[in-house]
Amino acid sequence: MSFLSVTERDREEMLAAIGVGSVEELFADVPGEVRLGRGLELEPALSEPELVAHLEELASRNAHTGVELSFLGAGMYDHYVPAVVDVLLARGEFLTAYTPYQPEMSQGVLQAIFEYQTAICELTGMDVSNASGYDGTTVAADACYVAKHATGRSKVVVTEATNPQVRQVVKTYAPGFGLEVIEVPHRDGVTDPDELRSSAEGAACVIFQQPNFFGCLEPAPDLAAAANDAEALPIAHVDPVSLGVLEAPGRYGCALAIGEGQGAGNPLSYGGPHYGFLAAKTEFTRRLPGRIIGETTDVNGERGYVLTLQTREQHIRREKATSNITTNQTLLALAGLVHLSWLGPQGLREVGEICMALGAYAKERLSEAGFELVFPEQTTFKEFAVRVGRSTKEAIGEARAVGVHPGYALGRDYPGLDDALLVAVTEKRTPADIDRLVEVLAA
Amino acid sequence: MKLIYEKSQPGRRASSLPRLDLPRAEVPEELARTKPPRLPELAEPEVVRHFSALASRTFGIDTGFYPLGSCTMKHNPRVNERLVNLPGFRDLHPHQEGDGAQGALELMWRLQEILAEIAGLEAVSLQPAAGSQGELTGLMLMRAHFADRGEERDTVITADTAHGTNPASVTMAGYKLAKVETDARGNLDLEHLRGLVNERTAGLMLTNPSTLGLFDENIHEVARIFHDAGALLYYDGANLNAVCGISRPGDMGFDIVHYNLHKTFSQPHGGGGPGGGPVAVRRTLEPFLPVPAIVRDGERYRLHYNRPQSIGKVRGFTGPFGVFVRSYAYIRSYGPALKEMSETAVLNANYLLARLKDGYDLPFDRLCMHEFVLSARTLKRECGTSALDVAKRLMDYGFHPPTIYFPLIVPEALMIEPTETEPKETLDAFVDAMLAIAREAADRPELLKQAPHDRPVRRLDEVKAAKRAVVKYGFDEHPDLSAEPTEPRQLEAQKGA
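Protein chains in written order, with the working numbering: chain G, 1 to 443; chain D, 1 to 497.
Keep in mind that the hints were calculated from the coordinates and are not lab data.
Since the structure is predicted, the reported quantities are computational estimates derived from the model, not experimental observations.
You can trust all of the hints, since none of them are fake.
Covered stretches of chain G, as calculated for chain D (at least 3 residues, CB under 8 Å):
1. 4-12
2. 240-254
Sample of chain G residues at the chain D side, in silico, Cβ under 10 Å:
3. Leu-42
4. Phe-94
5. Phe-114
6. Glu-319
With a cut-off of at most 25 Å between alpha-carbon atoms, the simulated DSS-like pairs for lysine-lysine come out as follows:
7. G:Lys-281 x G:Lys-320
8. G:Lys-320 x D:Lys-467
9. D:Lys-424 x D:Lys-357
10. D:Lys-176 x G:Lys-171
11. G:Lys-171 x G:Lys-320
12. G:Lys-281 x D:Lys-35
Note that CB positions come from ideal geometry on N, CA and C, so glycine has one too.
All chains, full assembly: derive it from the sequences and hints.
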């Protein structure tokens, strides 16, 4: 290992300056009864070439999207990550900086996050965004905490067509927050606004996903209106990649918009690290969790950026903070900003249109081949549910044996959908790929 | 420097995307976008230049010394970046079937085993996304433990030196907070502690060594006090870099531990994240850990969901996998010599301390662990220059400042953590700068008060930022803050940790 610079001579000089005879003496305050008293039982050290060989061997036993034609989605998507993202994120200054507590040292990353916050606000139609949350699940719990304090109510409503992992995380956080969680079932793949309205009575907030977990487009403006009728805060969980073609939640009455950022700028990476985004209307600014960057000026009147509204945060407010979050996902959010800057408004719209066109083509081809769509009446964005007419485990196993992953088994989360796959397409798939999927499933 | 939105010109773009010969699929009118998002419109060369310019206005460990106390800003080995980008890791879908993810599952299982050995505890969950989420997870585990035993306990104790995340996590977990004071030697005040602990106490959250950089000499007795009351001890792993291979939290008496993979185990901080905050627990608490667990059956690895007493999920999937790749690789680079990492961190810190203690106040005059806390109290009283001024002047010497105004019990605190990866020459240069600044404070205090002098910006007005709350670019309606009065109002409040 070669991460240490200290030589024998350095060590002697340093110990002499300290006034002790050995490194061991530096640990005099550690009582004998809590000492380990033996070496750590770890495998021997690996040199760099050995380390690379070891991890290459591990990586080789993973069926990644380069070796399997993948239609897996269900919350994580195989979108194209442009080369500029990889190259710019490898810049050591971005990679190895800490949270920008000292703004004069960190104007670059501060400005980048300010630009990220702007991009999220533009996508969602909101007024303020934080600097990122851990992922698309934890920002939902964060949003519930905002809603609880904003409304003084202790019930939250989540639609059943919201990503199951989002619902699970909300339920994990709820007892500590003093919140009760109610779920509203889907009707034929989407949520019924009237049903939602009655559940929302007395609730702090309503969380729904657009497009929902099944890929279906919810009647989102009607859902937001239903929540507003009950004076519960409407919170849309949205896919950033969809927001070139789908309306911004801020323009149909939502109080907050949250989501998983992975599809914008981050590779799959077996589920992380990615970033969650959380944006809100102005009235909630001072209730938001996490870092927020603000603009200001220096003594010469020059523009600059700082961490701001810190009286919300744990390092200042401690037990009265709006959240305990400190480390967030800045680097991944920066990847999102670079990706969105590469796309531009036109590119983002095109990605959305490609996904929708490919999705429609896939549904049509599967229907022609005799497969039944689970929710044939619904418009979908980039994924959809289809029945394979047998056990999904079998169907997935057979398809994978010939190099195709046909999708996510919906029966894992939804009883009654045991023979249904959730099939996702992105701009990386082609019509020929879809033809191959149909051929393999039909075989 | 212009914002990327100010460089934008309608009609430009960097992206090139496939053109499909397929019919358009229409979004129903009531759901369709009415106004495009105003994302930047630039060709690729300008995108690259913009972010390169931002990178050059950012200071990282790669740029120079970054002794930000409690943040463990050590070198991030570059081989780890190569490894995390192997397609088998980078392009692996988290819903991939177990037989298509054996390498990823094995890596995580191995990391769990390693972390358990380092902490001296039996069971690990890798799921929490960061240290503060590890804390919250730990408190949820406490809650589940006591609910299972039918005990009603409502209070968690933290130290007065604790990171702000500790009390914030206590509140988020639905507990009440009690604070124990620090004694004159920098240990927990045992008498105060005994008076606080009772049958309503769920547990303690403690960093050891503390944020003062001091190992609590009475940790064994502290553990006894809590265990005798039926309460649990939670170890905040922020300072684990001091004790790997020397003393294990489990052996100190802690029942629950979180690790900061982005501190001790070299996940790059990325300007604020990502991190990784796995938790380890005693066997008795294992049933409550988040799902899924990663288990080994013979030579196969799988995700295990059947944990009926689990607190649930705290994050998506199994945690930040890329962080695991880097931390696993880092620990494998050391092997059992991980102890040398901690020994060298402690050596470097004590060397700095020995050379600096005559120039600044030292509130607790003991050998330190991996970090130590000085005070600029005398400089402030005699020269009118604060810890903030010292920090800003350090920038002129090319160093990132230490953490300041933390821990809260030390006035004008300067919390310094060099880490093990700095050479002696850098430590010496930093000492020279700190001592020079102390002399400047006496001779030319304005040099400190007006610092920094050669950064991209001078001192910024934090009060204006909070008051105006301009938190996004406003395009045509963007305010011109330079037209409004400005003062170098930076809060003398915690910066770092």
